[in-house]
Amino acid sequence: MSSRDTILKSINRHLVPAVPLPDMNQDWIKFDNPTEQFLTMLSAVGGRGEVVASLEDVSRKLHEEPHYDDAQQICSLVSGIDIASDKRIDLDAIDDPHDLKDVDFAIVPGEFAVAENGAIWVTDAVVRHKALYFIAQHVVIVVKASEILHNMHEAYPRTGLETDGFQQAPHFGVFISGPSKTADIEQSLVIGAHGARSLRVFLVEEMQN
Amino acid sequence: MAGHATLAKDFVANDERAHWHDKALWFVRHKRDNISHSLPEWETLRETASQVKLHTITHLAKYLEEFEANAKKLGVHVHWASNAAEHNEIVLRILQQHNVKRVVKSKSMLTEECHLNPHLEAAGMEVVDTDLGERIVQLQKEAPSHIVLPAIHIKKEEVGEVFHQFLDTEKGASDPGYLTEAARQHLRENFLAADAGITGVNFGIAATGGFVVCTNEGNADLGTALPNLHIACMGIEKLIPAPEHLSLFTRLLARSATGQPITTYTSHFHGPKPGGEMHIVLVDNGRSNILGSDEFRSSLSCIRCGACMNTCPVYRRSGGHSYQSTVPGPIGSILGPASDPAKHSSLPFACSLCGSCTDVCPVKIDLHHQLLTWRREIYVRGLLPLSKTFPMKVMSKVFQHPGLYAFGGGIARKALRVMPRWMIYNPLNSWGRKRELPEAPKESFRDLYKKRKRP
Amino acid sequence: MPRIGLFIPCYIDQFYPDVGLATLEVLERYGCEVEFPEAQTCCGQPMANTGCVDAAVPLAERMIEIFAPYEYVVAPSGSCVAMVREHYSDMLPLSNALQEFQAKTFELCEFLTDVLKIEHVEGQFPYKVGLHQSCHGLRELRLARSSETVGEEFNKARQLLEQMKGITFADLNRKDECCGFGGTFAVQEEAVSCMMGLDRLADHYESGTEVLTAGDMSCLMHLDGLNRRQPKPVAVMHIAQILAGRQPEGSVRVNATEGGIA
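As you go down the protein sequences, you meet chains P, V and C in turn. FYI, our numbering numbers position 155 of the first sequence as 155, with every residue one higher than the one before it. FYI, our numbering numbers position 65 of the second sequence as 65, with every residue one higher than the one before it. FYI, our numbering numbers position 173 of the third sequence as 173, with every residue one higher than the one before it.
Simulated from the structure, these hints should not be mistaken for lab results. We put the beta carbon where it would ideally sit given N, CA and C, even for glycine. One or more hints might be untrue.
Said to hold, decoys possible - Below, computed lysine-lysine pairings styled on DSS-like, alpha-carbon distance capped at 25 angstroms:
hint: 1; chain 1: V; residue 1: 434; chain 2: C; residue 2: 175
hint: 2; chain 1: P; residue 1: 9; chain 2: V; residue 2: 453
hint: 3; chain 1: C; residue 1: 165; chain 2: V; residue 2: 364
hint: 4; chain 1: C; residue 1: 175; chain 2: V; residue 2: 31
hint: 5; chain 1: P; residue 1: 30; chain 2: V; residue 2: 23
hint: 6; chain 1: V; residue 1: 23; chain 2: C; residue 2: 175
hint: 7; chain 1: V; residue 1: 101; chain 2: P; residue 2: 101
hint: 8; chain 1: C; residue 1: 165; chain 2: C; residue 2: 175
Stated by the list, open to error - Listed next, with one range per pair, are the computed distances between beta-carbon atoms:
hint: 9; chain 1: V; residue 1: 424; chain 2: P; residue 2: 12; range: 38 to 44 angstroms
hint: 10; chain 1: V; residue 1: 383; chain 2: C; residue 2: 124; range: 36 to 42 angstroms
hint: 11; chain 1: V; residue 1: 434; chain 2: C; residue 2: 171; range: 24 to 30 angstroms
hint: 12; chain 1: C; residue 1: 94; chain 2: V; residue 2: 30; range: 39 to 45 angstroms
hint: 13; chain 1: P; residue 1: 92; chain 2: V; residue 2: 115; range: 41 to 47 angstroms
hint: 14; chain 1: V; residue 1: 85; chain 2: C; residue 2: 142; range: 44 to 50 angstroms
hint: 15; chain 1: P; residue 1: 33; chain 2: C; residue 2: 119; range: 53 to 59 angstroms
hint: 16; chain 1: P; residue 1: 15; chain 2: V; residue 2: 341; range: 22 to 28 angstroms
Stated by the list, open to error - Pulled from the structure, derived: some chain V residues nowhere near chain P, Cβ distances all over 12 angstroms:
hint: 17; residue: 25
hint: 18; residue: 47
hint: 19; residue: 170
hint: 20; residue: 429
When you get a sec, could you build the whole thing from the sequences and use the hints?
Okay, structure coming up:
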């Protein structure tokens, strides 16, 4: 007998009283001002964010980022961000994700943000190498200001997982809440463990889909 | 094997360190309280999550088959392992087929439980644990002492020494920021050089065949985004029915574990990355046995947040290693005896039955009641020493005879009053080592009650 | 006038008779007809908590029989009441007698607040009280909101004590951490047990507790055992003694002496 059958048989030999699935429609938390809540939570998890009018504002404000002007490699997946050509990395021209190891800044689109926990949903639908989200020294996420959801119960239907379980397109999606961090040494919080050393979020009011 | 009490005594003997450990974990418990109290629906969330987990484990075979079928549709290779040895063999075989020399692993208590690392190392592979805490204990050649905070028992100065030895940091340096940066540089090299990434699984989704891995450091993501081979090792109890249920667990996990609103990276894997290969190893290793027990079934609901450890007044003061079990603390004191009752017979007694674990558990496992039930099981199986059972039997006989009880009580109180102090506080009196006994009154309540009735 | 069977835990009977008397006085003050059935000994908790269920069962069966004639059973102990209400079902077959016994058994404070619905407590107690939340009362009987759970705050012991003139409460750093008694745990895990107790005491000392009280004398026996070896011990009293109007002069033990017991 295969281990598969052994395990399933071992489970099925028990007559266990079936417990029904609970009602998922509960009175989950909502906020008077989800944008403000999102920005508060983002800051609590070590990120920084703000609402801006347009992508031009993003381009301008990026220069205020520490390290941005010193960056050697910048990879943007958001069209309309102004990057000097000698710094620009074209992700589609890179075959091996290991070659992204020196990327200083990744500027990526987020599908939506979640007010209760400061998280943003990004997927591999728009990136050739998902490694970009984790290997870049600094990550900037650009989200439409109108795309802020209250809580995770509103978030999951928006991931697309509900309908086709990613059978169609993206094989990977991640909620990112703040920069990479650890407190494994004496519970001291240190930002910048393995992934992004900083996370900046722009909520853009005027942005095309 | 020394029981928990013996190792706990050693831990407590270093009073400064035991208090340091207690405070570090209480701080985490405190953060958990703050964030849970900020959500008015907290108890509804726990209750709903508990029901989802109980539903899943009472329909486990169905969901496992559904999960397997959907994972295969995503192009994932699904393996089944009845026990730890089979799990290790499967993982080794996959790695060997791909000619892997270097593996990066993100935190997985299942691979700890199966002792995967030594198995792969014996076959000549290099395995690097990439979670910072796990890397620290790996370099120290120790086991994690906590399932979420593996190096919570190690002081920063000690981390500094180990890093000086292995990562060439400055001698005497102990600043957590500096040490973390050194680990970042060191582990980046390992990520870039790895031929394969191994991860655990926080949640497997039956309806999609995908799974979720949660980290704060991003190590599971870096470790699987670079190499082409990803092996995910998953206990069969990690399933949930559908994506909508993730909303409950992603809300509860980090809040309970560390007091964060969600983990920094909550990653959803559905099939291999382009050009890559993905394997899932489903592991039983005793879980299906627990399923048959009405008393212990709900322990399979555990989402490994570690909150029961952070709140446990015994764990905080005795350290994770005193449990001598992959998973320590309250949940470990249930899972340990379930896998080997004789080896772990002291664990259900390493508990004052305060019930704080049950009240913090995000999936409402009745932990302290299960610990009590385990005590009974250990007694019934004859694993309790006579020194514990005999006095109980004698006391029971005495208590069944009120006259004998009242007489015996009178004698005992009299003895306490007349015996010299050195005789009462003898070396065998472990109550009296640090504590006074109550002062023995001449008359018991029942004596006074009689007098009161008939003055 | 409710007819009450007074359930006095064995260690209170033997070592803290004044706690039993105080309980009796409080119940009588509120108009109860109270009787102490003398056949009672121990509820079986030490045996059950050690796993020796067969040694506990005959004691549980005796309890049900002895208290059968009463309308209510009241005990000055959350722990022993929790044993009856929450754990007898684990070791005895389901029966009407068992269910009736469980339904009518109450811890003293909850009996006063929930059954007698006492709103005014006479007397003064002009001290800073450190209220220790005994775990079984807190998390088995739910006599107060535990710090782990989220919801409306309540605390039955404090609700009663607050009525007394002049009373104030110590604001503890860890408001409901276990004292480390835990029955046989206190000797089997002596090192951890004592560290837990000393940590609780340190919290009370730092918070200015003058009188340490609780609904369970077992926790207090352990805490006071440690307390009496400290340079500046605080007074320790069971909550029944405070409610009965005892004052802390020289602590519980001196009260017992005044009662002519020692």
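Against the structure, the hints:
Of the pairs offered as hints, the one joining residue 434 of chain V and residue 175 of chain C holds, with about 24 angstroms between alpha carbons and a cut-off of 25 angstroms not exceeded. A threshold of 25 angstroms between alpha carbons decides the hint, and for residue 9 of chain P with residue 453 of chain V the separation of about 67 angstroms lies outside it, so the pair is violated. Under the criterion of a C-alpha separation no larger than 25 angstroms, the hint pairing residue 165 of chain C with residue 364 of chain V is inconsistent with the structure, at around 40 angstroms. At roughly 15 angstroms between alpha-carbon atoms, residue 175 of chain C and residue 31 of chain V fall within 25 angstroms of each other, so this suggested pair holds.
With a C-alpha separation of about 34 angstroms, the suggested pair residue 30 of chain P and residue 23 of chain V falls outside the 25 angstroms cut-off, and the hint is violated. For the hint linking residue 23 of chain V to residue 175 of chain C, the alpha-carbon distance of about 15 angstroms falls within 25 angstroms, and the restraint holds. Restraint check: the Cα-Cα separation between residue 101 of chain V and residue 101 of chain P comes to about 21 angstroms, which is no more than 25 angstroms; the hinted pair holds. At most 25 angstroms may separate the alpha-carbon atoms for a hinted pair to count; residue 165 of chain C and residue 175 of chain C meet this at roughly 23 angstroms.
At about 59 angstroms, the CB distance of residue 424 of chain V to residue 12 of chain P disagrees with the hint of 38 to 44 angstroms. Look at residue 383 of chain V against residue 124 of chain C: about 54 angstroms separates their beta carbons, and that is not inside 36 to 42 angstroms. At roughly 27 angstroms, the beta-carbon separation of residue 434 of chain V and residue 171 of chain C lies within the given 24 to 30 angstroms, and the hint holds. The supplied range of 39 to 45 angstroms is met by residue 94 of chain C and residue 30 of chain V, whose beta-carbon atoms lie about 41 angstroms from each other.
Checked against the hint of 41 to 47 angstroms, the pair residue 92 of chain P and residue 115 of chain V passes, with Cβ atoms roughly 43 angstroms apart. About 46 angstroms separates the C-beta atoms of residue 85 of chain V and residue 142 of chain C, a value consistent with the hinted range of 44 to 50 angstroms. Residue 33 of chain P and residue 119 of chain C have their C-beta atoms about 43 angstroms apart, which leaves the hinted 53 to 59 angstroms range violated. For the pair residue 15 of chain P and residue 341 of chain V, the beta carbons lie near 23 angstroms from each other, so the given range of 22 to 28 angstroms is met.
Non-interface call for residue 25 of chain V relative to chain P: violated, since the shortest CB-CB distance, roughly 9 angstroms, does not exceed 12 angstroms. Interface exclusion of residue 47 of chain V from chain P breaks down, the closest Cβ pair being 8 angstroms apart, not more than 12 angstroms. Even its closest Cβ contact with chain P, about 15 angstroms, leaves residue 170 of chain V beyond 12 angstroms, as expected for a residue assigned away from the interface. Interface exclusion of residue 429 of chain V from chain P stands, the closest Cβ pair being 38 angstroms apart, more than 12 angstroms.
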